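Protein chains in written order, with my numbering: chain S, 176 to 390; chain W, 176 to 390; chain G, 176 to 390; chain L, 176 to 390; chain E, 176 to 390; chain C, 176 to 390; chain P, 176 to 390; chain X, 176 to 390.
If you're looking for bench data, these hints aren't it; they were derived computationally from the structure.
Note that the structure is a prediction, hence the values are computed from the model and not measured.
Virtual Cβ for every residue (Gly too), placed ideally from N, Cα, C.
It cannot be assumed that every hint is accurate.
Said to hold, decoys possible - Distance condition first, Cα-Cα at most 25 Å in a straight line; then the derived BS3-like pairs of lysine-lysine:
(1) K304/P <-> K384/S
(2) K177/W <-> K304/G
(3) K304/S <-> K177/S
(4) K304/G <-> K384/G
(5) K384/L <-> K304/L
(6) K304/C <-> K384/C
(7) K384/P <-> K384/S
(8) K384/P <-> K177/S
(9) K177/P <-> K384/P
(10) K177/X <-> K384/C
What the hints assert, rightly or not - Computed beta-carbon distance windows for the label pairs:
(11) Q249/L <-> H179/E: 49 to 59 Å
(12) R297/E <-> K384/L: 57 to 67 Å
(13) Q249/L <-> S290/C: 32 to 42 Å
(14) A324/C <-> K177/X: 54 to 64 Å
(15) Q318/P <-> E254/C: 52 to 62 Å
Protein chains: 8
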Amino acid sequence: MKIHPNSTLLMIGDSITDCGRARPVAEAVGSDLGNGYVSLIHALLGATCPERHIRIRNMGISGNTVRDLAARWQSDVLELAPDWLSIMIGINDVWRQFDAPLQTEWHVSLDEYASILEQLVRTTRPQLKGLVLMTPYFIETNQADPMRAAMDLYGDVVRQLAGRYRAVLVDTQAAFDDLLTAVHPMALASDRVHANLTGHMVIARAFLKALNYTW
Amino acid sequence: MKIHPNSTLLMIGDSITDCGRARPVAEAVGSDLGNGYVSLIHALLGATCPERHIRIRNMGISGNTVRDLAARWQSDVLELAPDWLSIMIGINDVWRQFDAPLQTEWHVSLDEYASILEQLVRTTRPQLKGLVLMTPYFIETNQADPMRAAMDLYGDVVRQLAGRYRAVLVDTQAAFDDLLTAVHPMALASDRVHANLTGHMVIARAFLKALNYTW
Amino acid sequence: MKIHPNSTLLMIGDSITDCGRARPVAEAVGSDLGNGYVSLIHALLGATCPERHIRIRNMGISGNTVRDLAARWQSDVLELAPDWLSIMIGINDVWRQFDAPLQTEWHVSLDEYASILEQLVRTTRPQLKGLVLMTPYFIETNQADPMRAAMDLYGDVVRQLAGRYRAVLVDTQAAFDDLLTAVHPMALASDRVHANLTGHMVIARAFLKALNYTW
Amino acid sequence: MKIHPNSTLLMIGDSITDCGRARPVAEAVGSDLGNGYVSLIHALLGATCPERHIRIRNMGISGNTVRDLAARWQSDVLELAPDWLSIMIGINDVWRQFDAPLQTEWHVSLDEYASILEQLVRTTRPQLKGLVLMTPYFIETNQADPMRAAMDLYGDVVRQLAGRYRAVLVDTQAAFDDLLTAVHPMALASDRVHANLTGHMVIARAFLKALNYTW
Amino acid sequence: MKIHPNSTLLMIGDSITDCGRARPVAEAVGSDLGNGYVSLIHALLGATCPERHIRIRNMGISGNTVRDLAARWQSDVLELAPDWLSIMIGINDVWRQFDAPLQTEWHVSLDEYASILEQLVRTTRPQLKGLVLMTPYFIETNQADPMRAAMDLYGDVVRQLAGRYRAVLVDTQAAFDDLLTAVHPMALASDRVHANLTGHMVIARAFLKALNYTW
Amino acid sequence: MKIHPNSTLLMIGDSITDCGRARPVAEAVGSDLGNGYVSLIHALLGATCPERHIRIRNMGISGNTVRDLAARWQSDVLELAPDWLSIMIGINDVWRQFDAPLQTEWHVSLDEYASILEQLVRTTRPQLKGLVLMTPYFIETNQADPMRAAMDLYGDVVRQLAGRYRAVLVDTQAAFDDLLTAVHPMALASDRVHANLTGHMVIARAFLKALNYTW
Amino acid sequence: MKIHPNSTLLMIGDSITDCGRARPVAEAVGSDLGNGYVSLIHALLGATCPERHIRIRNMGISGNTVRDLAARWQSDVLELAPDWLSIMIGINDVWRQFDAPLQTEWHVSLDEYASILEQLVRTTRPQLKGLVLMTPYFIETNQADPMRAAMDLYGDVVRQLAGRYRAVLVDTQAAFDDLLTAVHPMALASDRVHANLTGHMVIARAFLKALNYTW
Amino acid sequence: MKIHPNSTLLMIGDSITDCGRARPVAEAVGSDLGNGYVSLIHALLGATCPERHIRIRNMGISGNTVRDLAARWQSDVLELAPDWLSIMIGINDVWRQFDAPLQTEWHVSLDEYASILEQLVRTTRPQLKGLVLMTPYFIETNQADPMRAAMDLYGDVVRQLAGRYRAVLVDTQAAFDDLLTAVHPMALASDRVHANLTGHMVIARAFLKALNYTW
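The task is simple: from the sequences and hints, build the whole structure.
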């Protein structure tokens, strides 16, 4: 697997990453990882290659957009100095344009999204052993749906940044699209965003496959 | 308005109708109507024509399919002997086929749905002053979506029964479709079923317009 | 309707306006509007003319008098710079004189009420596209009742200010008086102030009719 | 005082009597008396004449009408065989006609009220050392108010039965009317029925004065 | 009654005075008075002489000793500038010596008690229309009990200060001693301190009788 | 120690014995023993002589009198067939006479107490390897106090039955009296009955000393 | 994978299987599977081969021994007629002998365990398409530990039954033993039984590998 | 017993010492001692030699390592100036190395542990009448277990410091090892650390025996 032994992997994002992680970090190991794809990746690594000693830190916060990430980047990423970093952001940047169309101060335009995200990636990349960029997703098969169409554009930003900055790309949208040939979105997430455990396993598997993990 | 003065209107259905109504019915008026379209209709009538004395009873129960309605029809409809009756059922009949595809015992096929619903309507109609049949709906613009396509077929059953049994038809799907030209489904219901207050107002308004209510 | 497309309407007041709105404002749209007339106006606009894009902000706080409004006017009105503003205040200014007759520091006299309210209206009016002034009310048919008599005097202040400052007047007292020819106050509010959903619909309808809204 | 030493006094009624009493009766003395006039009478007797050993049992149940009293008369009065009995009932019999005008099955007409109450009094009186009949009340000064007017008629039934069956009459309405010359109803009960502690003290004092209690 | 019309009476003390009063003081009248003798005095005055307009403020705090009173005297007494003041303190000063004999830092000796209390009374008396000093008490009939004996000495301090500073003396210990000829302490307070409602009525009555109140 | 290895010891009584034990008995060992003297005896045996394998069952129920014990004797003692049995009952039999003097149906007279208790002991003794009788107690130094005097009489019944039926006597009252020469009752139990952990240790130690346990 | 498409797989066991599953089964899919290895298997199948339509039912109940399984076998296994069945039982059969050594009625001896389990397997096997037998485990590296030694004997029963009845064997103990060469038991389960998510992933992976599942 | 009459004994440590003590310290005596060995020592002293007046303060905090102790030493030990001090620390210093092997910033190495602990002991010893050093423990019989082996090394540090600084040594590990010849660790603590009441009694007894306490 690509992640080096004895590395720390910091995973930052929104509610998909957060997924109910305990705050502040308590005595017990594990509860600080939440109940989503981050904890599944941790469990899969722990069950198959504990001797690699890969430590995961969950820095997701529900509701975050890329703007919120920038505001806490210094304390939540740089000061923790991880070896590897993964970023999955953008769902709320898009979503608020559709479920809160009148609250325009909550919207993050494609340009602002691309600009902030690139700024974070460019300045941080040199200090990392490895970077993983994960696309945002919308579990919707109809590509003409305006929110799906928008999400695809935000995902394209991630795809381009991955190429430009030598990052491992995890195309979560593609992973879900694959599965949606067999099941309806309702079987993965009633709101097409907050996935059930199966949906989180889809993300965890896409992540690990992109890193050449073998089970 | 078509509903006669001094009538009782019983409204039966699933979680959309139920919408958190208090059970058992308590001393206070109102809490037994829930927080959805039923309570909005009650409030609109009360604010504009209280002198008509139209009493509303909410008999919705979350998660119900037409099968569940049939099982409680005697106690929850017939024994209460309403003057007017409204029925909105079918969403769960369809939904379980998509969010629980393997739990086949929870699915209600189109044939079974049509058969049970007609049986209920045919035997009850003679005892009513008026009947309102409301289509189930799915707040989805993509008519090729399999769950939308299925919902439309179940809605067609309702549309046909309305004609056959002299019922007032409330086409909730059409009402939502109208609105969806201006807003995305996310602005009405994150899971495209459980509407927010605006969505319930859409249903309430469609109901009252079908009955020639003037505001 | 008089409110211009793409406007923000800020509605300020006491517990009738507040009505359980979530604080602080959370991610989800809607819960920040409470369960009263504000949310009903929002739902009615959303169900009938979403393309007008009228955004509503609820700034009511339970228990407020006009003195409390003045104390938070800078942060809660001026800094938010709404296009339209509605004010409904005065019920607690009067009520405390009757349910807490010995707590005189809680009372706001008619003079103080008129003086503070005019000060707020005069200085704010120039910055607004439109202003709505709503009378306080007491759901009491006996005009000789001392609290009703007092409320009418406070309402007169609002009526005069509306004329003087080109504001749309919403006479909530008159709207309730109309309805009380058909029902007893107990059917709208057991304490004659905190209305049930029907009572809030009365206010919402009076508001919208004053603005030439059509349903 | 009229109540004989070593007597049991059973007090039955609605929410005014009940007032939050613990059910089922627990080990601790006192919590089974609620927080209203019953507990105040108990405390006043206990603080001034504990040597009289007058035991009080609270049998009030919130929401009760005279119909509910009749239904539980055997178990809640006759089988407990009290020496003295007090009855205060009728508020809900009247109230439901005004706050739930359309729920006619909850209404108890004046005729039914008079008939049931007399039946209870006539058959029980011979087994009692003493009987106290308390009028229902409405803390409303406007005697033209329809609910006040109705309450006065129901109170008249109590006044007549007191004379006919040698009962001590406690005219709670008169006691409140006295006080309302000095304060507004809002200072005693925001809904004009559920009194605060001062209002319950008014009832307790009227009860004890009618029994020639000295403080 | 001795308390002048239109006066404010501030009552300060420990848990007996506090008795669950709401903090911070809320909109509603009454809940800020707790459930003990303070609220009973308020209710008795309200039920018999509301036209005297005597306002009561409860400033009791559970667990307080005279040391705690001194620490908050400026904000909780002087700045509120009451017309009349009542003080009941000393129970915890004594109690901690018996239930926490090793926590000597919690004990307040007789000398310290007398010294602080006199200091508070001497400096405040000139600003008051009237002062009420209430003895602490222990609902124990055995005067040889060490805690009862100690409480009597602390009570003597209060008795002497009442004479020296023209205060109305309320001898709560004497009031309880009277009653204990008829009932066991267990019938008033299982821990001989925290009285039930009957015990609080004993205190309220002793207070009012000392002020020549007539019922 | 007198209790035979591999014995079951069933301990029955009131709230002192019960002391919050979990019901129904759950998977986990220990929580079914409560937090009082029973669990302390269990812990002391477990910490010093686990090889004796003495199993303890707690059958205390809060509020019980000897009447309640008799009612559940068959299911809670006989059917469990313990080797050893301990009984501590009588506190509530006496207490209700003092804290609920008017609820005479809750009182258990000395005669009834002696009669029922002897009946239980006489019929059960033959089936036991050993019996422990524990006196009820009242943590009160004043032997002239009526409740203490009564408790001593009930204790005498236990003392006599212990002699008559070859039971080990645990004189809890004597154990507390010893300690009360050094501390005030308030240091052991604010209501002189429900002991703190030190008080429960006093009982546990008296129990074990009577059985010749060595620490 | 060995499990046939369109099969139902029923998984029965103790708290490891149960792992907090919702009861009764609610409307929502997923919560009825708990948070342990069952839900991980469900998620892995759902993320990789949803087109196989393998439905899983969780029938674990915390605290169960093989005795409890036998008692509910008819209703919880036979009447549900699964295609495939997995059984993991025995941990509590052994554990109670060590954490509750005196509660001998909770212990299930090796003989009783073997006898009941074989009885269940023998009678049920003919009705199944496939059977999976999972050993109980104890996450303890010291094979001389008496509880580990006992667990190995109970596991041997499972291993033998698997051979005798053509069942797929899942040796969970071996799977954990493998991992314990790299980590201490504390990293998987603080009590060496109730595994964290990594431990449950170990079980899920052992299960799927035994069935030739490919990821 | 070695502890001098009228002494204060401060006991500091981790969750074993803390054991749920109330914070902040409340009015009531006892709840500030938690439910573990500290409260048992308090109860044993109180039940047998209350006249010695030995006061105990619990300063344990869950999750603490020796590093955390050093950080709060000034406020939690030195400023409280106890006569006697007991320290039990080290379990978490070791445990985190095994249950959180990757969170290396939580680990305290043997060197750091020895260095900090000696520093605390050396500087504090001169101000104390007496010092008790308690070893950390792991309730594990297998001395080859890596966590047990590590705990023994940390315990050796305590054993050496006790000799060097004239402290009373309480070898909790030895006390548990004694008991483990008769019972399995599961009978004392399911996670081999957080003991049940029997386990806490083992610690309390070892503590008191080391101080020559007689029961």
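Structure-based check of all given hints:
1. Under the criterion of a C-alpha separation no larger than 25 Å, the hint pairing K304/P with K384/S is inconsistent with the structure, at around 33 Å.
2. With a C-alpha separation of about 41 Å, the suggested pairing of K177/W with K304/G is violated against the 25 Å cut-off.
3. At roughly 10 Å between alpha-carbon atoms, K304/S and K177/S fall within 25 Å of each other, so this suggested pair holds.
4. A threshold of 25 Å between alpha carbons decides the hint, and for K304/G with K384/G the separation of about 18 Å falls inside it, so the pair holds.
5. A C-alpha spacing of about 18 Å is found between K384/L and K304/L, which places the hinted pair at or below 25 Å, so the restraint holds.
6. Using a Cα cut-off of 25 Å, the hinted pair K304/C and K384/C holds, with the two alpha carbons roughly 18 Å apart.
7. Restraint check for K384/P and K384/S: the C-alpha separation of about 18 Å stays at or below 25 Å, so the hint holds.
8. Only pairs whose Cα atoms come within 25 Å are accepted, and K384/P paired with K177/S is accepted, the gap being roughly 24 Å.
9. Under the criterion of a C-alpha separation no larger than 25 Å, the hint pairing K177/P with K384/P is consistent with the structure, at around 10 Å.
10. The hinted pair formed by K177/X and K384/C meets the criterion: a straight-line CA distance of about 24 Å does not exceed 25 Å.
11. Under the hint 49 to 59 Å, the C-beta atoms of Q249/L and H179/E, about 55 Å apart, fit the expected range.
12. Separation of R297/E from K384/L is about 43 Å and departs from the stated range, judged on CB atoms against 57 to 67 Å.
13. At roughly 34 Å, the beta carbons of Q249/L and S290/C sit within the given window of 32 to 42 Å.
14. Distance hint check: the CB atoms of A324/C and K177/X are about 42 Å apart, inconsistent with the given range 54 to 64 Å.
15. At about 42 Å, the CB distance of Q318/P to E254/C disagrees with the hint of 52 to 62 Å.
Hints 1, 2, 12, 14 and 15, counting from the list given before, are not met by this structure.
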